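Asker: The primary structure of each chain is shown beneath.
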Amino acid sequence: GAVVSQHPSWVICKSGTSVKIECRSLDFQATTMFWYRQFPKQSLMLMATSNEGSKATYEQGVEKDKFLINHASLTLSTLTVTSAHPEDSSFYICSAANRGQGNQPQHFGDGTRLSIL
Amino acid sequence: AQSVAQPEDQVNVAEGNPLTVKCTYSVSGNPYLFWYVQYPNRGLQFLLKYITGDNLVKGSYGFEAEFNKSQTSFHLKKPSALVSDSALYFCAVRDMPINAGNNRKLIWGLGTSLAVNP
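As given, the protein sequences belong to chains A and B, one line each in that order.
At position 50 of the first sequence (counting the first as 1) the number is 524 in this note's numbering, and the numbers step up by one without a gap.
At position 68 of the second sequence (counting the first as 1) the number is 125 in this note's numbering, and the numbers step up by one without a gap.
Just so you know, the hints here were simulated from the structure itself, not pulled from any lab data.
The reader is advised that the hints may include incorrect statements.
To be verified - Pairs of lysine-lysine residues, derived as DSBU-like cross-links and limited to a Cα-Cα distance of at most 35 angstroms, are as follows:
id	chain 1	residue 1	chain 2	residue 2
1	A	LYS488	A	LYS529
2	B	LYS106	B	LYS79
3	B	LYS106	A	LYS515
4	B	LYS162	B	LYS134
5	A	LYS538	A	LYS515
6	A	LYS494	A	LYS529
7	A	LYS488	B	LYS134
8	A	LYS488	A	LYS540
9	A	LYS529	B	LYS162
10	B	LYS115	B	LYS126
11	A	LYS540	B	LYS126
12	A	LYS540	A	LYS515
13	B	LYS79	A	LYS515
14	B	LYS106	A	LYS538
15	B	LYS126	B	LYS79
16	B	LYS162	A	LYS494
17	A	LYS529	B	LYS106
18	B	LYS126	B	LYS162
19	B	LYS162	A	LYS515
20	A	LYS494	B	LYS134
21	B	LYS115	B	LYS134
22	B	LYS106	A	LYS488
23	B	LYS126	A	LYS515
24	B	LYS162	B	LYS115
25	B	LYS126	B	LYS106
26	A	LYS515	A	LYS494
27	A	LYS529	A	LYS515
28	B	LYS134	B	LYS79
29	A	LYS538	A	LYS494
30	B	LYS126	A	LYS538
31	A	LYS529	A	LYS540
32	B	LYS115	A	LYS515
Said to hold, decoys possible - Sample of chain B residues at the chain A side, in silico, Cβ under 8 angstroms:
id	residue
33	TYR89
34	LYS106
35	ILE108
36	LYS162
37	GLY166
Please read these numbers as outputs of a predicted model, since none were measured by experiment.
Positions of the beta carbon are idealized from the N, C-alpha and C atoms, including for glycine.
Input sequences plus hints: build the corresponding full structure.
Answerer: See the structure below:
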């Protein structure tokens, strides 16, 4: 089945640091990738939708200058949390979908636990 | 606006008993419905989907779901629960309109925590 690799799994860093999270589709071309944020015992909050070769579409209330998304190839999207602060600590999850498979499910990475000290 | 409701925050069942995790939806047009499962500190795994056709959909790990158009429901079921089924379950519906710019966005329920007791 479709595999999405997300790296790193865990990040602990100091306040003010920028953190980059990678999301790779290993065996299919991901024309669309989604970035989610999940708080403890809560649902997924979609942050942005990223289409290969174009600018990401951010959800209302998500700061695009804070959460930089790049989707430069059909197999890689990155989320950079710039100048991270403790309130950015969360579980970030990516998922990927192929434009050619309209009714197929999104395929998820295993998430990144981000802890800002 | 499209929406998904999972009315139960938590469901507890005994191992071996049947389980049901409820989901209702509100969409304009025909719904595309999905169930996902999340284990602790992991991403989501796809279980099953309903797009069209037979109302009873069979998925991974022995799960199934029944699409009920009149009740706008898509409840997840399993005849005999396992302790290993304990996890967080999410229902989702595809955002509309589907053909607008290749929209793949999903509208998510808040999740239901399933605890299967030995």
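Asker: Against this structure, judge whether each hint is valid.
Answerer: Hints versus structure:
1. About 29 angstroms separates the Cα atoms of A:LYS488 and A:LYS529, which keeps this hinted pair within 35 angstroms; it holds.
2. Between B:LYS106 and B:LYS79 the CA atoms are separated by roughly 15 angstroms; this keeps the pair inside 35 angstroms, and the hint holds.
3. Annotation: proposed proximity of B:LYS106 to A:LYS515 holds, straight-line Cα distance about 24 angstroms (limit 35 angstroms).
4. Between B:LYS162 and B:LYS134 the CA atoms are separated by roughly 25 angstroms; this keeps the pair inside 35 angstroms, and the hint holds.
5. Taking the CA atoms of A:LYS538 and A:LYS515, the gap is about 25 angstroms. The hint holds against a cut of 35 angstroms.
6. Taking the CA atoms of A:LYS494 and A:LYS529, the gap is about 17 angstroms. The hint holds against a cut of 35 angstroms.
7. Taking the CA atoms of A:LYS488 and B:LYS134, the gap is near 44 angstroms; set against the 35 angstroms cutoff, the hint is violated.
8. A distance of roughly 16 angstroms separates the Cα atoms of A:LYS488 and A:LYS540; the hinted pair therefore holds under the 35 angstroms criterion.
9. The straight-line distance between the Cα atoms of A:LYS529 and B:LYS162 is roughly 16 angstroms, inside the 35 angstroms bound, and the hint therefore holds.
10. Between B:LYS115 and B:LYS126, the direct Cα distance comes to roughly 17 angstroms. Compliance with the 35 angstroms bound is thereby established for this hinted pair.
11. Proximity of A:LYS540 to B:LYS126 is assessed by CA-CA distance (about 42 angstroms); at most 35 angstroms being required, the pair is judged violated.
12. Proximity of A:LYS540 to A:LYS515 is assessed by CA-CA distance (about 24 angstroms); at most 35 angstroms being required, the pair is judged to hold.
13. Taking the CA atoms of B:LYS79 and A:LYS515, the gap is about 18 angstroms. The hint holds against a cut of 35 angstroms.
14. A threshold of 35 angstroms between alpha carbons decides the hint, and for B:LYS106 with A:LYS538 the separation of about 32 angstroms falls inside it, so the pair holds.
15. The hinted pair formed by B:LYS126 and B:LYS79 meets the criterion: a straight-line CA distance of about 14 angstroms does not exceed 35 angstroms.
16. Taking the CA atoms of B:LYS162 and A:LYS494, the gap is near 23 angstroms; set against the 35 angstroms cutoff, the hint holds.
17. Only pairs whose Cα atoms come within 35 angstroms are accepted, and A:LYS529 paired with B:LYS106 is accepted, the gap being roughly 29 angstroms.
18. As the CA atoms of B:LYS126 and B:LYS162 are separated by approximately 22 angstroms, the hinted pair is consistent with the 35 angstroms bound.
19. The suggested pairing of B:LYS162 with A:LYS515 holds, with an alpha-carbon distance near 22 angstroms, which does not exceed 35 angstroms.
20. Proximity of A:LYS494 to B:LYS134 is assessed by CA-CA distance (about 39 angstroms); at most 35 angstroms being required, the pair is judged violated.
21. As the CA atoms of B:LYS115 and B:LYS134 are separated by approximately 10 angstroms, the hinted pair is consistent with the 35 angstroms bound.
22. At roughly 41 angstroms between alpha-carbon atoms, B:LYS106 and A:LYS488 are farther apart than 35 angstroms, so this suggested pair is violated.
23. At roughly 30 angstroms between alpha-carbon atoms, B:LYS126 and A:LYS515 fall within 35 angstroms of each other, so this suggested pair holds.
24. A threshold of 35 angstroms between alpha carbons decides the hint, and for B:LYS162 with B:LYS115 the separation of about 23 angstroms falls inside it, so the pair holds.
25. Taking the CA atoms of B:LYS126 and B:LYS106, the gap is about 15 angstroms. The hint holds against a cut of 35 angstroms.
26. Straight-line distance between C-alpha atoms of A:LYS515 and A:LYS494 comes to about 24 angstroms, which keeps the hinted pair within the 35 angstroms bound.
27. With a CA separation close to 31 angstroms, the supplied pair A:LYS529 and A:LYS515 stays within the 35 angstroms bound.
28. Restraint check: the Cα-Cα separation between B:LYS134 and B:LYS79 comes to about 9 angstroms, which is no more than 35 angstroms; the hinted pair holds.
29. The hinted pair formed by A:LYS538 and A:LYS494 meets the criterion: a straight-line CA distance of about 14 angstroms does not exceed 35 angstroms.
30. Straight-line distance between C-alpha atoms of B:LYS126 and A:LYS538 comes to about 39 angstroms, which puts the hinted pair past the 35 angstroms bound.
31. Of the supplied pair hints, the one linking A:LYS529 and A:LYS540 holds, its CA atoms being roughly 15 angstroms apart against a limit of 35 angstroms.
32. For the proposed pair B:LYS115 and A:LYS515, the alpha carbon gap of about 27 angstroms is at most 35 angstroms, so the pair holds.
33. For B:TYR89, the shortest C-beta to C-beta distance to chain A is roughly 6 angstroms, which falls under 8 angstroms, so the interface hint holds.
34. With 8 angstroms as the threshold, the beta carbon of B:LYS106 comes within range of chain A, its nearest partner Cβ sitting at about 6 angstroms, so the hint holds.
35. With its C-beta approaching chain A no nearer than about 5 angstroms, B:ILE108 sits inside the 8 angstroms limit, and its interface hint holds.
36. Of the supplied interface hints, the one on B:LYS162 holds, with its beta-carbon coming within about 6 angstroms of a beta-carbon of chain A, less than 8 angstroms.
37. For B:GLY166, the shortest C-beta to C-beta distance to chain A is roughly 7 angstroms, which falls under 8 angstroms, so the interface hint holds.
Hint compliance for this structure: hints 7, 11, 20, 22 and 30 are broken, all remaining hints hold.
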